[in-house]
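What follows is each chain in one-letter form.
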Amino acid sequence: MFEAKIDAGVLRECIETITAIVDEGKLKIAEEGLKLRAVDPANVAMISFELQSDVFDEFRFAAKEAESGAEDTSESKAETEVGIDFTKLLGILGIGGREEVELELDEHAQKLFTKMGCLAYTVSLLDPSSLRKEPKVPELEFPVQVIIETEEFRRTIRAAEKIGDHIVLGVDGEVFYMETEGEMDKLRLGLRKEQLIHLTPGTLHSLYSLDYITAMSKGMSHAENITLNLGKDYPLQIDFEVAGGKGKVSYLLAPRIESE
Amino acid sequence: MFEAKIDAGVLRECIETITAIVDEGKLKIAEEGLKLRAVDPANVAMISFELQSDVFDEFRFAAKEAESGAEDTSESKAETEVGIDFTKLLGILGIGGREEVELELDEHAQKLFTKMGCLAYTVSLLDPSSLRKEPKVPELEFPVQVIIETEEFRRTIRAAEKIGDHIVLGVDGEVFYMETEGEMDKLRLGLRKEQLIHLTPGTLHSLYSLDYITAMSKGMSHAENITLNLGKDYPLQIDFEVAGGKGKVSYLLAPRIESE
Amino acid sequence: MFEAKIDAGVLRECIETITAIVDEGKLKIAEEGLKLRAVDPANVAMISFELQSDVFDEFRFAAKEAESGAEDTSESKAETEVGIDFTKLLGILGIGGREEVELELDEHAQKLFTKMGCLAYTVSLLDPSSLRKEPKVPELEFPVQVIIETEEFRRTIRAAEKIGDHIVLGVDGEVFYMETEGEMDKLRLGLRKEQLIHLTPGTLHSLYSLDYITAMSKGMSHAENITLNLGKDYPLQIDFEVAGGKGKVSYLLAPRIESE
Chain A
1 MFEAKIDAGV LRECIETITA IVDEGKLKIA EEGLKLRAVD PANVAMISFE
51 LQSDVFDEFR FAAKEAESGA EDTSESKAET EVGIDFTKLL GILGIGGREE
101 VELELDEHAQ KLFTKMGCLA YTVSLLDPSS LRKEPKVPEL EFPVQVIIET
151 EEFRRTIRAA EKIGDHIVLG VDGEVFYMET EGEMDKLRLG LRKEQLIHLT
201 PGTLHSLYSL DYITAMSKGM SHAENITLNL GKDYPLQIDF EVAGGKGKVS
251 YLLAPRIESE
Chain B
1 MFEAKIDAGV LRECIETITA IVDEGKLKIA EEGLKLRAVD PANVAMISFE
51 LQSDVFDEFR FAAKEAESGA EDTSESKAET EVGIDFTKLL GILGIGGREE
101 VELELDEHAQ KLFTKMGCLA YTVSLLDPSS LRKEPKVPEL EFPVQVIIET
151 EEFRRTIRAA EKIGDHIVLG VDGEVFYMET EGEMDKLRLG LRKEQLIHLT
201 PGTLHSLYSL DYITAMSKGM SHAENITLNL GKDYPLQIDF EVAGGKGKVS
251 YLLAPRIESE
Chain C
1 MFEAKIDAGV LRECIETITA IVDEGKLKIA EEGLKLRAVD PANVAMISFE
51 LQSDVFDEFR FAAKEAESGA EDTSESKAET EVGIDFTKLL GILGIGGREE
101 VELELDEHAQ KLFTKMGCLA YTVSLLDPSS LRKEPKVPEL EFPVQVIIET
151 EEFRRTIRAA EKIGDHIVLG VDGEVFYMET EGEMDKLRLG LRKEQLIHLT
201 PGTLHSLYSL DYITAMSKGM SHAENITLNL GKDYPLQIDF EVAGGKGKVS
251 YLLAPRIESE
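Protein chains in written order, with our numbering: chain A, 1 to 260; chain B, 1 to 260; chain C, 1 to 260.
Take the hints with a grain of salt, since some may be wrong.
[As the list claims (entries may be wrong)] Pairs of lysine-lysine residues, derived as BS3-like cross-links and limited to a Cα-Cα distance of at most 27 Å, are as follows:
(1) Lys115/A x Lys111/B
(2) Lys218/B x Lys35/B
(3) Lys218/B x Lys28/A
(4) Lys186/A x Lys115/C
Think of the hints as simulated: they come from the structure by calculation, not from any bench.
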C-alpha cells in the first residue's frame, strides 16, 4: 500500500531529474521515501535518485504482500518496486498548476493513480521484468571535487553545444575549467578557486560526450549548486539536491577516450 | 453597402472562433449584424456564429442590389452574403495591435477592404458558389446541460491529447465527467454539481473525436464559461459568448460510435 | 595589435545588422574604429557598417606588421583586415548576459579571442582570400528620402510576408507607401508627410524582393528610425544608427523589374 500527497511543482522537479537520463525505470518505495537507480539505453549515463518521505504532505506505505500465487501473505518485504513511464507522467503533470498531487498505488491491478484537483490520471505500471536491471554503482574514488553555481555550468554547456560534440572538464592547480573544441573554434570556461563554492586543487581532466551533459544540465535546472566529482580519464559524478534538500540526485557519466 | 468599425481585438476573437472549424465560409451581413453557419470539410463539426451590429463602433448596411446582369436595381434583399477566407484575414489582423479596424465591402468589385491605422488590406471575396452550402441545423434536443469554466475544460483537453484520440463526455448522477483512454493509461476529470456553474443531473455519455474538440477548445479561449449540451450517443453542442456577450457561438460535433 | 572591451548587448546589436545580409565578411580595424562592407552571395544586397572606436569601453589598435615572410617588419599599414564568421560569433555572444566582452586579435595565429566573464571563446579567422571581394559602393543619387519609425516599417513587412513575394516602395505626392500584392489580396501602407519624421515629396516607386527586405528588417530592430532613400526603378538604400549613434549601417538593395 502506498498513498502520498505532494506539491505538483516539487514532483515535476524530481521527475525532470530522472527523465534527463531515462524515460522509464523501476521506482523503489519504502517507509523512508522513494529511490531509483537507472542507466540510459546506451549504458553511458546513470542516475541515482532519492527522495525522503518527509517532503510529502502525506506519505503512507505498508510493505507489499508476496506476489506469488501462493497464499503465504504473511511474508512481506520492506520495499516495493514499481515500473513507471516517467516521461508520460511528466507530460500529464506538466498540464497542471502548482496544486497538490495525490498518488496512490494499486499493486494488484498494477496501476498508479495520480490525482490533481478534479483530474484523475491512471497509468498502468510497467512490468519490472521488461525494464533494464538496476545497475550496480561502481566503486569510484574521485580525487577532485568542484562545487559550482548551476547556472554558470549550464550557460557554458549551452555555449559549448554551438561548437563541438565533446567537452573536457578538469582542474589545473586552483582553476576549474571546461573546454570544448570545434573545427575552427574553441570555448573555455576557467574559474579560479575563489570564484567557486569549493575546489580541490589538482591537475587532471577527462573528456565527456556533450549530448549526455546537455541532458543532465536540463535535469539540474532547479538546483542552485552542483558538485562535480572528477578524476583523470575517469567517470564524472554530478551531485545535487532537489525538493529543498529532501531529494538527492547523482548523475554518473562514463568518460570518452581522447583520440589525440 | 457595408461599412463598419470595430476593435481589432474583438474582431480577432470572433474570427478565431470561426477558423477553429473552417478556413473559409459565407458571411451573411444584415442590419442586425453578422451571421455565419458552416460545416467542416469532413462534415463532422459545425459552427453557428452571430455578432450583433451594436458591438461595432460604427455599422452601416444597406441591402444589396440584384446581382443579375439585368438593370432591375430596384429589387433588393435584406441581407448580403460574402465568401471570406477567414484564415487569411486572421493572419493579417494578427499583425496589428489593439487598434480599430475599418471594414468596407465593395460588392461590385467583390472585394473587402480592411483598414488598420495606416495599413490597408484588400482581399477578393470568394465566389459563394465555390463554397460549401450552408448546412441545415439539425433539430436536436439535449437532455443535459453543463456549464463549466472554459479553462477547466481546456486544461483537461490538453491533458487528454497526451493520452488518446477520443474523449467521453457524460454525466453520472450529479457528476459531470470527461474521460479518455490510451493503451496504458486513462485520464478522468470529474466535477460535482457544486464545482460547476450548472448541471442537469442524469446518466448518459457520448464519445467524440479529440481532434475536433481540441480545435474547438482553441476557438473558445476568450470565453469565460461554456455550455455543454449533451445526450446519449448524441451530438455535442458547445455554446459560448464572445465580444462581451454581443457575439454568440455554437459548435456542433457528431458523436463517434464506441467500438466496445 | 587589437584589443578592445565593449558591452555585450551593443556588440550583439551591431553583429545582428551584419548577419542580416552576410554570414561572414572582412572586418577592417583601424584607430577610428571598425568598418565592413559586404555583399550577399546573390549580389542583390549590400551592407556598409561603421562603428566608432569611442563606443568601446577600451579600444587599442596598432597597425599590423607586414604579412609577407620577409623580415621587413618596419613597414606597417593604418588598418588591419580580418575574416570573421559573424553568425558563429553571434551564436556564442547570444549565450551571455549583458556583461562586458573583451576582444583580442592574434594576427600571427590568425585567431580572435573573445572573453565574456570567465568564458573565453577563440575563433580562427577566415582567410580573407577565401572571402568575396569587398564590393564597390555604386554612385547613386536618391531623389527622395523618407524617415519612418522602424516599428511601423517592420510591422508592414511582417504583414506583407503573409501575402506576396515582392513589395513596392514609393511616394505619391506627400504620401509614402508600401504595397504588396498576392493572387487574391493586396496590402498597402500609406503614410502622409505629417505621419512621418521626414518626406521629400515626389512621384516614383520601385519594386523589391520581400525576402531581402525581411532580412534587413530583422537587422534594424534596435534602431528607432530608419531613412529610406528611394528612386524610380532604382536601388533602395536604408540608413540607420546603432550603438547609441556611434554605429552607422547602410543597406543597399537592387530593384526588381516589374513584369507588368
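Let me make sure I understand: some of the numbered hints might not hold for this structure. Which ones are they, in numerical order?
1 and 3
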